[in-house]
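Given the structure of chain A, go ahead and fit chain B onto it with the hints provided.
Protein chains in written order, with this note's numbering: chain A, 1 to 270; chain B, 1 to 173.
Hint data in this document are derived by calculation from the structure and do not stem from the laboratory.
Virtual Cβ for every residue (Gly too), placed ideally from N, Cα, C.
Be aware that one or more of the hints could be misleading.
Said to hold, decoys possible - Quick list of the computed label-pair ranges, beta carbon to beta carbon:
| id | chain 1 | residue 1 | chain 2 | residue 2 | range |
| --- | --- | --- | --- | --- | --- |
| 1 | A | N241 | B | R98 | 37 to 45 angstroms |
| 2 | A | A223 | B | R62 | 43 to 51 angstroms |
| 3 | A | N241 | B | L83 | 43 to 51 angstroms |
| 4 | A | G173 | B | M69 | 48 to 56 angstroms |
| 5 | B | R76 | A | D259 | 21 to 29 angstroms |
Residue strings, one per chain:
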Amino acid sequence: MNERSKRQSFLGSQSDRVLGDCSVAIVGLGGGGSHIAQQLAHLGVGSFFLIDPDLVEESNLNRLIGGTVEDATKKTLKTLVASRLVRGINPLAQVVCLDGKWQEFHQILRGSDIIFGCLDTYRDRYELEITARRYLLPYIDIGMDVHEVEGRFSVSGQVILSMPGSLCMRCLGFLREDLLAREAENYAAAGGRPQVVWANGALASAAVGVFTQLFTPWHEGHAECVYLEYDGNNQTVATSNRLAHMRGKQCPHFLQFSDLGDPFWIPEKS
Amino acid sequence: MRVAFKITRTLLGRAFDDLYRPHPFAAERVGFLSCRVGALRPSGWVVLAHDFHSVADEDYLRDRAVGAMMGPAAIRKAMQIALSHEVCMFHVHIHEHRGQPRFSKTDLRETPKFVPDFWHVRPHLVHGAIVLSLDSAAGLCWHPQYPKPFRFSDISIVGAPMVAVRSVNEREI
Chain A
1 MNERSKRQSF
11 LGSQSDRVLG
21 DCSVAIVGLG
31 GGGSHIAQQL
41 AHLGVGSFFL
51 IDPDLVEESN
61 LNRLIGGTVE
71 DATKKTLKTL
81 VASRLVRGIN
91 PLAQVVCLDG
101 KWQEFHQILR
111 GSDIIFGCLD
121 TYRDRYELEI
131 TARRYLLPYI
141 DIGMDVHEVE
151 GRFSVSGQVI
161 LSMPGSLCMR
171 CLGFLREDLL
181 AREAENYAAA
191 GGRPQVVWAN
201 GALASAAVGV
211 FTQLFTPWHE
221 GHAECVYLEY
231 DGNNQTVATS
241 NRLAHMRGKQ
251 CPHFLQFSDL
261 GDPFWIPEKS
Chain B
1 MRVAFKITRT
11 LLGRAFDDLY
21 RPHPFAAERV
31 GFLSCRVGAL
41 RPSGWVVLAH
51 DFHSVADEDY
61 LRDRAVGAMM
71 GPAAIRKAMQ
81 IALSHEVCMF
91 HVHIHEHRGQ
101 PRFSKTDLRE
111 TPKFVPDFWH
121 VRPHLVHGAI
131 VLSLDSAAGL
141 CWHPQYPKPF
151 RFSDISIVGA
161 PMVAVRSVNE
171 REI
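Pulled out of the complex, with its shape left as it was, chain A reads as follows (with noise of 0.2 angstroms):
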């Protein structure tokens, strides 16, 4: 064990190894992505796909981890204010930026070990955890939003572990039909949701902690499926009701054999 992981140690004595041979991709690196990047590289994680296709821009600065006000007078890439981040605090991490939309690389994106969600429509969480599930990938999904209830302001937010042969996130009734439609509808008008960076780094924290229990556990809950519930007035995260429900429940989707692989498979030229 190197001695910047000495504090961790109780990770176990192969934690090192295991956090450095592992591959995580980041899908989004606004106010929940760019806590993650940092978090997973103090930790460790050798090797990073750090996906979005945003510039910098100054509304970004009251949560983007790393970002700088350089950053948004020169449209910096965020994929680059990650890197940077992640190499500044790992220098031997492997790093490869993806300037785009996640569908554009779900080839590459299939090589992880584990992907993090941290994006802003629902459209994209079915669409990313359909992915996950058809490569066979972890897949942890963090998101927060505000609410005005009654003239009063709501923080809330979610952590969901969706692990291939569990209960996915259509089963714990996060994603709905109703929901996508609703979203569908209303795409035009969708402006800024509100974002904050307290609330983004709990939920970062939350999700790393979930993939740090399933990659180097060091108690003995393991957990397949984790649906966490931030309440960002109250300042707690709970277990979601939700999948206390769904407990013994199994998954009907992604049964078939056509819901995994490649559904044209043909080897590249010998």
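For chain B alone, coordinates are given in the frame of chain A:
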């Protein structure tokens, strides 16, 4: 070229449960994993296990030279699965020890004999064999475009906890 293999912990558990059952006369059991494949970039394939298929008791042959010998009916049934569902088929058995398993001389002699049978029904797919140990695995896959088989370069057990075996068994065949 990278050839990755992924299987869920649940499916692996089902395979172990079946393969550990005693057989009326064979010293060990064998089975098949049906799999699908995806392309990796910049180069490679990922083989994704979908289901486990037991070999029926009556489809073993009596052969004291080996732990288990499949009869033609076992291969025929596996070929039917490949044909009906457009899947790759991987023969699977257990070596009961911990650590990285290796294919035995018998495995390396017998496997190339039946793999080409699957190309009769699914000629464009990879097929092969997997050997499981108590905590690791190794795999070989063949494709008709390539004269030599490929070893799985990394194997992932997908579940909680996640287990990844990297750069396994690099020796030449």
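Status of each hint after checking the structure:
1. Judged by the Cβ atoms, the range 37 to 45 angstroms given for N241/A and R98/B holds: they are separated by roughly 41 angstroms.
2. At roughly 46 angstroms, the beta-carbon separation of A223/A and R62/B lies within the given 43 to 51 angstroms, and the hint holds.
3. The given range of 43 to 51 angstroms is respected by N241/A and L83/B, whose C-beta atoms sit roughly 46 angstroms from each other.
4. Distance hint check: the CB atoms of G173/A and M69/B are about 50 angstroms apart, consistent with the given range 48 to 56 angstroms.
5. Our hint of 21 to 29 angstroms for R76/B and D259/A holds, since their Cβ atoms are close to 27 angstroms apart.
Violated hints: none; the structure is consistent with every hint.
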